[in-house]
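Throw the hints in and build the complete structure from the sequences for me.
For the record, the sequence lines run as chains A and B.
Residue numbering for the first sequence follows our numbering, starting at 7 and increasing by one per position.
Residue numbering for the second sequence follows our numbering, starting at 65 and increasing by one per position.
A few of these clues could be false.
Ranges between beta-carbon positions, derived for each pair [claimed, not checked]: (1) A:Leu307 x B:Glu113: 41 to 49 Å; (2) B:His197 x A:Ser95: 18 to 26 Å; (3) A:Glu40 x B:Pro141: 37 to 45 Å; (4) A:Ala282 x B:Asp168: 55 to 63 Å; (5) B:Ala174 x A:Leu310: 48 to 56 Å; (6) A:Asp288 x B:Ala174: 57 to 65 Å; (7) A:Asp206 x B:Ser111: 37 to 45 Å; (8) B:Arg195 x A:Glu14: 31 to 39 Å; (9) B:Glu113 x A:Pro61: 25 to 33 Å; (10) B:Pro141 x A:Asp114: 24 to 32 Å; (11) B:Glu154 x A:Gly331: 53 to 61 Å; (12) B:Glu154 x A:Ala312: 34 to 42 Å.
The hints are simulated quantities; they were obtained by calculation from the structure and are not laboratory data.
Only a predicted model underlies this, so the values are computations on that prediction, with no experimental measurement involved.
C-beta atoms are modelled at their ideal positions from N, C-alpha and C, and glycine is treated no differently.
For reference, the chains in residue letters:
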Amino acid sequence: MNTEELVEDVLAGEHRALARAITTIENRAEGYRELVSALHAHAGEADVVGVTGSPGAGKSTLVDKMAAAYRERGLTVGVIAIDPSSPYSGGAVLGDRIRMGSNVGDMDVFFRSMSARGSLGGLSAATSDAVTALDAFGKDKVIIETVGAGQNEIDIVRTADSVAVLVPPGSGDDVQMLKAGILEIADLFVVNKADLDGADRTVQELRELVEYQQGGVPSDVGHHGATAETVEGLGPGDGEDGEDGWTPPIVETVANRGEGVEELLAALSEHRTHLAESGEGDEQTRTRYAEEVRTLLREDLNDLLATEIERRGGLDGYVEEIVAGETDPYTVADELLAPIADCVEDGDRGNAARPEQGPTAED
Amino acid sequence: MSVEEQQTIRCLVAKVGLDGHDRGAHVITRAFRDAGFEVIYSGLHRSPEEIVQAAVQEDVNVLGISILSGAHDTLVPQIVEGLEEYGAFEDTLIIVGGIIPDEDETELKAQGVDEVFGPGASMGEMVEYVREHAPDR
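Below, the structure is given as structure tokens:
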């Protein structure tokens, strides 16, 4: 099937075509760039929600219930669930689908499992392109479930409009550990398994954390609280109104019984309103596009370099020279990069000669 | 060619119907993972429709159906039919594992199953078979 037909079929709502499009994207197969470019024009309507949290926090079960709740409202849903790949074989066991019991037989929930394929940020390299495909297909909501995340798997923030971080009870002691990383990217917190002992404590700890982040002095924290000096320009009174005017709410859920799911959707909807009204959403979109272009450039530049290395007979020779003490890694890198560096410098000179054309001149 | 550009074999390991014996499915899931495949495991007690939905959405090259209940002669045709409905039958390799009598094996193959692996089939043999026969994407 050629790219044009594939795009046509995806836009016509054919499930098989959507599945094949995502495969093409995932494999970085021939024509995938044209595919994503074509789909891009039809995307931009879906709300993208990220769900992240530690392994076993209940992400899959919650996503299942969220999808069912959206379906009850007559909305169509796409789900992308990412599981880790083996560092040894490259293989993966993708098990999130097992929890999708509430949406059996409902093709309007399009669930796709993806392997992280070696990517370390909690998503796979192809995730955002797969979101574009689901979006263009016409899904109202796209939910991304990340790899079970610990501290630094925060790529989701670059792909989702709203990020829900799941914190199960009993991770109280971990809260401190998690602090600088995943908890910072939460637009809302979900204390799942809220029927377990310790849930109240976890909620309380998160509340304190949110208040710190908002720059306020936690209302009921004792001797280890923040000092006034650390809170420039934001007194305790501004606690409700953080830097970006959004205070992450804390929602309690019991996902396997579906409890708290309505509250979660309501909180997500509020966040969306906030994004629209504060202009933060537009800002987010711009940042995301800039980031996407940078990522693509990095990939493309890598490919160019790979070609250049191949033309020079591979890296092995250089490595041998380094081992023999004849050269060093920096010199080799400079040498390999030289053709590209020369082009950029030439461009500089060219522009200097024709200043009126500015830096965007086509060379 | 870089690793990312290589084609990855995606495989759905499915348990259909009233059959709680999943040791074999687990072992195969793991063997496939170690062979570098991406394996989606369906979980127990799935209906044929669920398997079809999963196979279509996940765009798997390979569908491995594990049945030990003896109901293969009714369940497998339903799955094949469902795949045909979505245009997914042609380019999906269908293999069945379990206790399948010889005459049923012939029947299943006539219905569209590509290969049947009974007790005693070696992991290496299955992995090799899948590598050789998995349709391109």
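The hints, checked one at a time:
| no. | hint | result |
| --- | --- | --- |
| 1 | A:Leu307 x B:Glu113: 41 to 49 Å | holds (46 Å) |
| 2 | B:His197 x A:Ser95: 18 to 26 Å | holds (20 Å) |
| 3 | A:Glu40 x B:Pro141: 37 to 45 Å | holds (39 Å) |
| 4 | A:Ala282 x B:Asp168: 55 to 63 Å | holds (59 Å) |
| 5 | B:Ala174 x A:Leu310: 48 to 56 Å | holds (52 Å) |
| 6 | A:Asp288 x B:Ala174: 57 to 65 Å | holds (59 Å) |
| 7 | A:Asp206 x B:Ser111: 37 to 45 Å | holds (40 Å) |
| 8 | B:Arg195 x A:Glu14: 31 to 39 Å | holds (33 Å) |
| 9 | B:Glu113 x A:Pro61: 25 to 33 Å | holds (30 Å) |
| 10 | B:Pro141 x A:Asp114: 24 to 32 Å | holds (26 Å) |
| 11 | B:Glu154 x A:Gly331: 53 to 61 Å | holds (59 Å) |
| 12 | B:Glu154 x A:Ala312: 34 to 42 Å | holds (35 Å) |
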